[in-house]
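Q: Just so you know, the sequences run in chain order L and E. Residues in the first sequence are numbered from 1 upward in steps of one, following this note's numbering. Residues in the second sequence are numbered from 1001 upward in steps of one, following this note's numbering.
Don't take each hint at face value.
27 Å max Cα-Cα, derived BS3-like pairs, lysine-lysine [said to hold, decoys possible]:
#, chain 1, residue 1, chain 2, residue 2
1, L, LYS24, L, LYS131
2, L, LYS92, E, LYS1024
3, L, LYS54, E, LYS1054
4, L, LYS96, E, LYS1024
5, E, LYS1250, L, LYS24
6, L, LYS43, L, LYS131
7, L, LYS24, E, LYS1054
8, E, LYS1024, L, LYS43
9, L, LYS24, E, LYS1024
10, L, LYS10, E, LYS1043
11, E, LYS1043, L, LYS54
12, E, LYS1008, E, LYS1024
13, L, LYS43, E, LYS1010
14, E, LYS1131, L, LYS24
15, L, LYS24, E, LYS1010
Simulated from the structure, these hints should not be mistaken for laboratory data.
Protein chains: 2
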Amino acid sequence: MWGRKMEKLKRTDRLVVLSTLLAKNPNTLFSLTDLAALTGAAKSTVSEDLTIVKEVLSSFSLGELYSVTGAAGGVLYRPKEHADDINDFLEKLSQKLSDPERMIPGGFIYMIDIIFNPQIISRIGEIFYTKFQHTDPDYIITMETKGIPIAMMTARSFNIPLVIIRNSGRVTEGSSVNINYLSGLTRRIQTMSLPRRALPPNSKVLLIDDFMKGGGTAQGMLNLMKEFNAEVVGTGVMIATRDPREKLVKDYTALLELVSIDEDKKDVIIRPFGAKK
Amino acid sequence: MWGRKMEKLKRTDRLVVLSTLLAKNPNTLFSLTDLAALTGAAKSTVSEDLTIVKEVLSSFSLGELYSVTGAAGGVLYRPKEHADDINDFLEKLSQKLSDPERMIPGGFIYMIDIIFNPQIISRIGEIFYTKFQHTDPDYIITMETKGIPIAMMTARSFNIPLVIIRNSGRVTEGSSVNINYLSGLTRRIQTMSLPRRALPPNSKVLLIDDFMKGGGTAQGMLNLMKEFNAEVVGTGVMIATRDPREKLVKDYTALLELVSIDEDKKDVIIRPFGAKK
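Build the full structure now, drawing on both the sequences and the hints.
A: Next up, the structure:
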């Protein structure tokens, strides 16, 4: 697409190109020189356009335009969500998940239609971005399988690579580091495995998963990260259960809280994390 | 965000809002009424704005604006890619993957840094959307694990749910259908499992995966889909190997072809599928 169009565009046309390109590519740096070449306008003109984009995005809470100064400078789009929008969204999501029809014998909640729904998890990815942007991670780390879509969308919002920890080493990925951990959900010793090549030493990593009960999996991930000399800058989960209150991992951010499940009364309570009632 | 701003906006401002909102939400229908309310403009004015957006997107190959007429009508953004852009992208991706450093003993290629990279797989999702848009699927289906990010991004482009087939039934998702299949890669009988609830009967499904060698996994997926009375409208894989030429699945679309690997000569050849040389 680059450079295909060089004739002079009107400001209205340039604004469509710039807005679309930036919104489609979160946290991707576009240099003023490239944007000027693309739209056939002077850099100073594009700069004025970007001021308009920036102000409109901000006043409509559609994200943030961020300018990087200097020789390697340019502009990038940060898909930050407004606190009110986050609350509204999590409130609606809680209601959806609190449907008694979702109860599965054994005290589980059916939620794969939610956590594999692109619209919902695009939002969740942006919310995790908003909450963890300041931690500046190099990689998003998750454990297969159900957390992958959420972690992927978080990685997309940050525009950093995703790394997936597997249940066992695969021959197709070279040598790997394996550790054992105790999963609270299955109450069994399990293995997690990550290829040596998948994560450079001394990386800053953000752990993302769909669900936390006792925190055994998250703790296993923390231990595995030590083997890679990685610095864990944060842990985010979509839902944490209220019980057990003492989790193996102390420092985590949950978006929702599974307050209680009562199979006999057919009652499920899920709330935005930290919501009073 | 909806309705937060109601004062009269300038056309330039409206174009930024409309372009951003549409680009951020592929294949999501926005009614003219809602867009008018959001921007505080008359429907006829918004309609003119959308004509500008449509023309600019088209001339810059940034996707397609599609109008849905009638009472439930509105406008949606289709992230279709231009054929030339697809070819350029696949050509560059082939070169990246053909790096001898990627060879792993046993005739494998290390590619998880590529297939978990959000920018690359966002593009691949759009390319699969472009190739399969006419098949109008209800669900994207993949088999855990490595294909999930690509399948997720394809689901995002279509704005339809993702369904992930697991290696074994999980208690947390209710009753499931299990079938056995022979994986060409591991040459072992394996199980694939899908919760009954995950896919309504008579759905139209598009199968997406990262890699195809003999086609055993894809054939297993086809068999599993029969159990759900699903109609398979297509099968897309990022890379197919040239050998074996006779795959268990006849009808598939590959983006890239792994032509050959020579471990002794340290030589890997990957090309856009169907490319001559």
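Q: A separate judgement is required for each hint: does it hold in the structure or not?
A: Now the hints, each set against the structure:
1. L:LYS24 <-> L:LYS131: 21 Å, holds
2. L:LYS92 <-> E:LYS1024: Satisfied, since the Cα-Cα distance of roughly 20 Å is no more than 27 Å.
3. L:LYS54 <-> E:LYS1054: Given pair LYS54 (chain L), LYS1054 (chain E) holds - Cα atoms ~22 Å apart, limit 27 Å.
4. L:LYS96 <-> E:LYS1024: Judged against 27 Å, a Cα distance of about 23 Å means the pair holds.
5. E:LYS1250 <-> L:LYS24: 35 Å, violated
6. L:LYS43 <-> L:LYS131: Not OK: LYS43 (chain L) and LYS131 (chain L) at ~33 Å, beyond 27 Å, violated.
7. L:LYS24 <-> E:LYS1054: 16 Å, holds
8. E:LYS1024 <-> L:LYS43: 26 Å, holds
9. L:LYS24 <-> E:LYS1024: 6 Å, holds
10. L:LYS10 <-> E:LYS1043: This hinted pair holds, its Cα atoms lying about 23 Å apart.
11. E:LYS1043 <-> L:LYS54: Since the Cα atoms of LYS1043 (chain E) and LYS54 (chain L) sit roughly 25 Å apart, the hinted pair holds (cutoff 27 Å).
12. E:LYS1008 <-> E:LYS1024: This hinted pair holds, its Cα atoms lying about 23 Å apart.
13. L:LYS43 <-> E:LYS1010: 23 Å, holds
14. E:LYS1131 <-> L:LYS24: 19 Å, holds
15. L:LYS24 <-> E:LYS1010: 23 Å, holds
Checked against the numbered hints given earlier, the structure breaks hints 5 and 6 and satisfies all the rest.
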